[in-house]
Amino acid sequence: MSSSLDSYLVLSGLLFAIGTFGFLARRNAISMLMSIELMLNAVNLTIVAFGAFIPTLNVQASVIALMVIAVAAAEATVGLAIVMAIYRNKKTPLVDEYDAMKD
Amino acid sequence: MPIGMTIPFTAIRWDDILFVALAALVVGSGLLVVTMRDIIRCGLAMILCFASLAGIYVLLGNPLVAATQVLVYIGAISILVLFAIMLTQTKNAPTRLVFQTQAWAAALAAIAIAVFISVAVTATTWPSAGAVAWTDTTKLAQTLFNQNVLPFEAVSVLLTAAVIGGVLLARREPASAEEDRP
Amino acid sequence: MNWADLGTIAPVVWAVLVAAAVLVVDLALPGRRAPAIAVALAGLAIVALVILSLAGHTERAFGGAYTLDSLTTFLDMLFLAIGAMTILFANDYLEPRGLPIAEFAAILIFAVTGAMLIAGSADLLLLFVALELMVLPGYLLVGFSRRDPNSTEGAIKYFLLGSFSSAILLFGLAYVWGTTGSTRVDVIAVALTRLVATGSIQPGLAMGLAFMTTGVAFKMAAVPFHYWTPDAYQGSPTPVTAYLSVGPKIGAFAIVLRLFVEALGPLKADWLPVVIILAALTMTLGNLVAITQDNVKRMLAYSSIAHTGYILVGLAAYAGGQHSGITAILFYGVAYTFMNMGAFAVIAALQHWPGVTSQISTFAGLGRRDPWLGLLMAIFLLSLTGIPPLAGFWAKFYVILAAVQGGGWLTVLAVLAMLNAAAAAFYYLRVVVYMYMREPAEGIEATRPSLLFRVGLAATGIVTVFIGLIPVFQTLASNAADVLKV
Amino acid sequence: MGGLARKIPITYATMLIGAVAISGVPPLAGFFSKDEILGGAFKSGFLWVWAIGFVVAGMTAFYMFRLIGMTFWGPSHVDPEKEHHIHESPTSMTRPLIVLAIPSALLGLAIGFPPESGLLHQWLAPVFEHTIAAGGHAEAAYSFFGVDGALAIGTTALVAVAIVVAWRFFGVEIPALGLRTEPRPEQVRAISARPGLALLYKGSANKWWFDDINHRLFVDWGGKLAAAAFWFDRTIVDGTVNGIGTVTSDAGLWIRRVQTGRVQNYALGIALGLIVMAAGYLVLAAR
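Residue numbers (this note's numbering), protein chains in the order written: chain A, 7 to 109; chain B, 5 to 186; chain C, 3 to 488; chain D, 529 to 815.
Keep in mind that a hint or two might mislead.
[Stated by the list, open to error] Okay, derived cross-link-like pairs now, EDC-like style, lysine to aspartate or glutamate, Cα gap no bigger than 16 Å in a straight line:
1) A:K96 x C:D71
2) C:K487 x C:D71
3) A:K108 x C:D296
4) A:K97 x C:D296
[To be verified] A partial selection of chain A residues facing chain C, derived with a Cβ cut-off under 10 Å:
5) S13
6) G25
7) A35
8) I53
9) V69
10) A76
11) K96
Quick caveat, the hints were computed from the structure, so don't treat them as lab data.
Glycine included, every Cβ here is placed at the ideal spot set by N, Cα and C.
Here chain A stands alone, though its shape is the one from the complex (with noise of 0.2 Å):
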């Protein structure tokens, strides 16, 4: 089992499901945000799952995977600063009640 390509895979894209569900039905700006560092961390374990098994892709994977554990840093720190911006202004953090704007 732990050397198939596969389980990998499919461990990876329900990693991927879950905080695809998450990011739909939580309410809190922040657990959205946890959502979709769980679909960035679902990304890089395939990434790291294709260099592990297939060759060519060996040393590439680490690259890619090194940028987008940055990527999602940075991606961090934005959304972080949005929602303590919008909190200020609305006093809540769930999202579902920022709906001025609509239409």
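Given chain A's structure and the hints, the job is docking chains B, C and D onto it.
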């Protein structure tokens, strides 16, 4: 005495046991992140999820990425998230309703995505070597700083821009500006 | 990496330096607006010179990760123009609201840098990082007016959905990389050509394609991935809306050109039906909802969705075998940039004083109140409608022509595009009616655009009028499109 | 009428320029426009189109100068009672006339010369590049001493002949050129009375009885039809147009309800789109 590749007297490999355990931990803690009521516990579950993923990266022969995972995700991002949680949890923010009304639709969509990915992945024949290959860190450094130096530089610009903008947006208003707010 | 590589990406390097210089000037002279604007504009002028000095070269750098060709130059210049015009328009809006210009310009230039990097990307990893470099500053710009609840609301919606789509896109990229074995677009194209010749494509690749298409469709605001657009556009400070409606959109089309046309070109028979459906949905829904809007900013947001649909018609024409579709996309990009930024700039001019809304009633009697502004807005709106001989007419003309030449379903798509253009006239001309046939409300303060603002407005107006009469953009677009000929 | 040239000189001069231009006399604007079209038709092999155009060009020149001759030249046939009422229009009328006369005289030379590489062609070439390429039809270069020159000379010659014939019948009066002949109405009448031409003349004098036919067709029968059409227009067409308008804006209003303002709803929409797209691609791949 070195232990063998398999559990004694059985054909079950240690690796498999480790994989199943870590995978269960990843999925379990992931589910906790998206379902628990108390958002601080969600944050803690997220740290557990990241840690078990780091374990899986070691299993996949990539200790460098595993180390980075621990440093950046657990050391930086999770801490950032926990701070943000503490800054935004007020008493008047109801914690009873954690889910949208559309949670059931979200669950169906997530299940559909999981099924799609699993089906597509297993139906594909990968050019897999059938065994985990360890990543050579020297080679990694070479490719990183030769063929991939431009994305690397771009990421550093990205982080700079994110930090500048993040500080700008999240910093507390100057006292005067705070006063003239309606 | 060596000096030659650095020379090839000189425009990007210079752009980063300009952003840094703006921040340094702000540190040295805190709170002074003029020096920051001067440094930003002068810096962008230098970047333009650097880009032009490299024009005509065809080089690959960084082991094939970056490519410099006439398409890169074309798109770089366009992104630079977008950045420069946004800065010209921004100060008039930011200053009365007490918002800093230096940080604004620096963040904007970072975003432009990302877009320029996309234009030259020949590598999936670079493409993704460049995309993030373009959109992350975009989230910040939307929320730039941080005391305005609508601005921050737009920012968080854009950020959350944007990150969600980035994760989806990245997932797709990972599978394309895993199935083709490389991140370099040319290697991927070769691998896919071989794959197509030997038989059907693997489910893993198909899924990667689906995730990737979703991610890119989100960035360009194609239906049904467009939901963020109206809210983010309406909430943003108006100059940011002007930028947002063109910069990230054309950036997304730059991704399409480098990713779908260059790397996934061999699979175009597979993604053609998807693009046709997306184009049809996008045009139609954008126009239908735009008709019902009373807020001009929000109306133009939906109209920008419709324009995405028209540009997608050009992409469909390409996938249907008409290389002129690429030329049409590029030409549309230029025409759309100037007329759309112009229209948003007029709104920004009206909103010079805080508190002025972008409701359609704000435009009542503008033709008499401020004849020049009214005339320009009328020109922009007529051009967006597609009235000859303005820019928008030629843009639609080339796109539809390319589709008609494709035949089959593409002809149906072309007919749908024409019907949509006719329906769109309704809501564009409605604003013109308000400007010229309604009495202005009492007690409106006169708009007094600064010199910089007027320069920017004149530039957009002139290009919108003359783009069809002076064929230079057409020739440039056609040269740039030739790069993608296999 | 007749003899108005001295009474309303500005109107006369601008009208004359217009007539010369519309007749297709080089180098005025009408020449270039006509020559381009006729040459194009001829070279593309549409000989019939060219022949019709060629003959019509001659007829145009003839009737334009008939008009000029009968209106501005020769003895006046205007009732002396009314003649003193005739005077030049105010400047608000003459200025536009002059402004319009200048380009009709010069515009052709300015942008149409030389014919195949003039400004107009340079402007329009990139526009029609695709169309021409798609038609698989590239035009041969313009040749002054080849087919294009010959066609231009032929057309011009025909126009010249037509003008001279018109002068002979209806008179001419250009003091600057020393040209002056009297109109010959009796000759016109004699020619018109010739057996072969009588019917043609009568026909054209009565506008080919179009007025009569029109009256019967449109006033008598058409009136009834119009009443029916009015009803149709009111109930069916307006109903349909308004219906389309209503349906369109109703559809817009209905669709815009999807835009709930809530991020999670949007995200669910995106996720559903993703699922549909993944299904679509998997089906496409399995083909």
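Do the hints match the structure? See the list:
1. A C-alpha spacing of about 48 Å is found between K96 (chain A) and D71 (chain C), which places the hinted pair above 16 Å, so the restraint is violated.
2. Straight-line distance between C-alpha atoms of K487 (chain C) and D71 (chain C) comes to about 13 Å, which keeps the hinted pair within the 16 Å bound.
3. Between the alpha carbons of K108 (chain A) and D296 (chain C) the distance comes to roughly 13 Å, so the proposed pair stays at or under 16 Å and holds.
4. Restraint check for K97 (chain A) and D296 (chain C): the C-alpha separation of about 29 Å exceeds 16 Å, so the hint is violated.
5. Of the supplied interface hints, the one on S13 (chain A) is violated, with its beta-carbon coming no nearer than about 15 Å to a beta-carbon of chain C, more than 10 Å.
6. Interface restraint check: G25 (chain A) against chain C, minimum CB-CB distance 7 Å, threshold 10 Å, status holds.
7. Taking 10 Å as the C-beta cut-off, the interface hint given for A35 (chain A) holds, the closest approach to chain C being about 6 Å.
8. Checking I53 (chain A) against chain C: minimum C-beta separation of about 5 Å stays under 10 Å; hint holds.
9. Given the 10 Å rule on beta carbons, the hint for V69 (chain A) holds: about 7 Å separates it from the nearest Cβ of chain C.
10. Look at A76 (chain A): its Cβ gets to within about 8 Å of chain C, closer than 10 Å, so that hint holds up.
11. A cut of 10 Å between beta carbons decides the hint on K96 (chain A): the least distance to chain C is about 6 Å, and the hint holds.
Violated hints for the displayed structure, listed by number in ascending order: 1, 4, 5.
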